[in-house]
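Asks: Each chain, letter by letter, is given below.
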Amino acid sequence: MILVTGAAGHIGNVLVRELVDKGKKVRALILPGEDTTSIYGLDIEIIVGDVLDPDSLDRAMRGVEIVYHLAGVISILPDKNDLMWQVNVEGTRNVLAAAKRAGVKRLVHTASIHALSRNWIGMINEDVPFDPNATAGGYDRTKAAASLLVLEAAKKGLDAVIVCPTGVIGPHDYGGSEMGELIKDWLKKKLNFLVRGAYDFVDVRDVANGMILACERGRRGEVYILSGWQIKVLELKQLVQNVIGKRIAAITLPMWVAKFGAKFMPLFYKITRRRPRFTDYSLNTLQSNSKVSSAKAQNELGYQPRDLKSTVSDTVNWLIRHIGKVHR
Amino acid sequence: MPEKNALISGASAGIGAAMSHFLAQKGFHVFLVARREERLRKIQTDILAKGGTCSVFPADLNRESERERVFNAVTGLAGDIDVLVNNAGFGWYGFYHQMPWQLAREMVSINITAVMHLTSLFLPGMLERGSGHIINIGSIAGGLPNQGIAVYAGSKAFLDAFTTALYRECHGSGVKVSVMRLGPVRTEFFDQARTKENGYSVPAERFAISTERVNRALWRLLRHPRRVMYVPGWLALSKYLEILFGAVIDQLGPLLLKRKAK
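Heads up: the protein sequence lines correspond to chains A and B, in order.
Residue numbers for the first sequence follow my numbering, beginning at -19 and rising by one.
Residue numbers for the second sequence follow my numbering, beginning at 1005 and rising by one.
No lab work stands behind these hints: they were computed from the structure.
Built from N, CA and C at the ideal position, the CB exists for glycine as well.
Where hints are given, some of them may not hold.
[Claimed, not checked] What follows is a set of in silico ranges between Cβ atoms, one per label pair, in the way DEER data are often shown:
1. A:0 with B:1045: 33 to 39 Å
2. A:215 with B:1072: 46 to 52 Å
3. B:1216 with A:38: 39 to 45 Å
4. B:1099 with A:0: 57 to 63 Å
5. B:1055 with A:58: 56 to 62 Å
6. B:1041 with A:59: 30 to 36 Å
7. A:221 with B:1210: 52 to 58 Å
8. B:1084 with A:80: 55 to 61 Å
[Said to hold, decoys possible] Examples of chain B residues toward chain A, derived with CB under 10 Å:
9. 1025
10. 1026
11. 1029
12. 1031
13. 1046
14. 1054
15. 1057
16. 1058
17. 1076
18. 1077
19. 1082
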């Protein structure tokens, strides 16, 4: 039996789909009151629990050999830092402890490229250290701290590996990931604001596959970066335009304008409850070093990311099927 | 997958919202389809908080492409659906010659075309599987084409005929097709009708029953499928009204519409 925490999320539901396709028996951990549309209709066992509730984790891990730990909170706004710390760090601590109690044979922890230090010149690989004091944002700090807990547990006997996906995009994005929401905006809105910048994006299905490979072939206590391809925001927009065969009207803002506007975004969010795109965190990310190498995962695991053209095409077609006509 | 699922159109308010809550509570996975996403999300939050499960599919059923999209998205997830409730619809009360043409066309599109289309999309899969239940939300107005509801009564009469024909076509296949002929039900239906252009208050509003009674009737219908169900039951008498008193009502003319109570 395989347990997947955070199974209803974007990577989670795609991972569950891949595992089910491979004929595995999967148990999905979902929060009480969580929308389970993304995993509806799949032949899996669903168990309600919370990574902050150790008892529920013990129940979830009964008879489990493999755990994929994905449950986490992501926010590009500073006001969710407490919740992020609770779920991402304390939640991981609970999962590790429960896995040890249950005698789990292998645990795959989902960190993030953001867990790695941003103060790195040159190609980012697995030599970059986790930085629990990162200044970029709370998400980075929690993901780094959680990863250090996993490495410590691996040293003490738990057979764990860590994967670090970069910017995830792809189909089956029911919850509305940051990137999915951005592309949705491009499809729906009459006018969009962009900034120049670039980042590394990876197909969610490749991440899921990479996680399964890491589980099967990864070495204990090792970190594997699951990256895709570096692409500029404007190139990404061009790829989306190619799929829909229409131009997306957009104004490219100078970075200083966007950064000035970003100062007011936490307030904007408090008032409108609409999720902002431009925050200090997201803008810094677009400007940060995004030359990432997945050479280790390719050599050791046989990981191979697909090209972004097919990713974007599948993503856009999936979104159109789920949000309807492109409004223009 | 032991659980059953149901798709409810027009789930954002009124009977559709009440049925969504009810079926989720009865263990169904409910697919909520309507135009207003925020309201669907609110209903979803309520259902999830009570331990039910449901999925939200915002869509404008006025549009053919949207209906196909809902079908593809839902079958992509669930494979097939067990219960289809064609509930989306709206009313309007007033002189037909004062009814804006756009409104009349939209009424036909939502009350008739969307029902036909969703049925034609989902029925083949149900027949293949040999099970399924299509429930159309009709009205006693379908048998009482009275003053003020020319198009509405026509659209509901269509549902009566459509349901009866399909019920007979599907006989022995395991698929059930039903129409619930409702009397007035206390929902925002009447506010909607009142606030549309040239619309009057619907006089029948004062006899409205609660959505709970409709839910109870729905549950009876799901357990004991039949072609026609009147809610409340005594409205079965209404089918004789037209036959017995049609000639008298003819003589009343537009009397009922004279009192323009806004």
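Asks: Work down the list of hints and note, for each, if the structure agrees.
Replies: Against the structure, the hints come out as follows:
Here the CB-CB span from residue 0 of chain A to residue 1045 of chain B is close to 28 Å, at odds with the stated 33 to 39 Å. Checked against the hint of 46 to 52 Å, the pair residue 215 of chain A and residue 1072 of chain B fails, with Cβ atoms roughly 32 Å apart. Look at residue 1216 of chain B against residue 38 of chain A: about 41 Å separates their beta carbons, and that is inside 39 to 45 Å. Checked against the given bound of 57 to 63 Å, the beta carbons of residue 1099 of chain B and residue 0 of chain A, roughly 59 Å apart, stay inside it.
At about 33 Å, the CB distance of residue 1055 of chain B to residue 58 of chain A disagrees with the hint of 56 to 62 Å. For residue 1041 of chain B and residue 59 of chain A, the hinted distance range of 30 to 36 Å is not satisfied, since their beta carbons lie about 24 Å from each other. Taking the beta carbon of each, residue 221 of chain A and residue 1210 of chain B are about 56 Å apart, inside 52 to 58 Å as hinted. The beta-carbon spacing between residue 1084 of chain B and residue 80 of chain A, approximately 43 Å, falls outside the hinted interval of 55 to 61 Å.
With a cut of 10 Å, the hint placing residue 1025 of chain B at the interface with chain A is violated, because the nearest CB-to-CB distance is about 15 Å. A hinted interface residue such as residue 1026 of chain B counts as satisfied when its beta carbon comes closer than 10 Å to some beta carbon of chain A; here the least separation is about 19 Å, so the hint is violated. With its C-beta approaching chain A no nearer than about 14 Å, residue 1029 of chain B sits outside the 10 Å limit, and its interface hint is violated. Given hint, residue 1031 of chain B at the interface with chain A, is violated; its Cβ is 14 Å from that chain's nearest Cβ, farther than 10 Å.
Restraint check, residue 1046 of chain B versus chain A: the minimum CB separation of about 13 Å is more than 10 Å; hint violated. At about 9 Å, the closest approach between the beta carbon of residue 1054 of chain B and any beta carbon in chain A falls short of 10 Å, and the interface hint on this residue holds. Interface hint status for residue 1057 of chain B: upheld, as the beta-carbon distance to the closest one in chain A is roughly 6 Å, under 10 Å. Taken as an interface hint, residue 1058 of chain B checks out: its beta carbon lies about 8 Å from the nearest beta carbon of chain A, inside 10 Å.
The closest approach between the C-beta of residue 1076 of chain B and any C-beta of chain A is roughly 6 Å, which is under the 10 Å cut-off, so the hint is satisfied. Annotation: interface hint on residue 1077 of chain B holds; nearest CB of chain A at approximately 6 Å, less than 10 Å. With 10 Å as the threshold, the beta carbon of residue 1082 of chain B comes within range of chain A, its nearest partner Cβ sitting at about 5 Å, so the hint holds.
Comparing the model with each numbered hint stated earlier shows that hints 1, 2, 5, 6, 8, 9, 10, 11, 12 and 13 do not hold.
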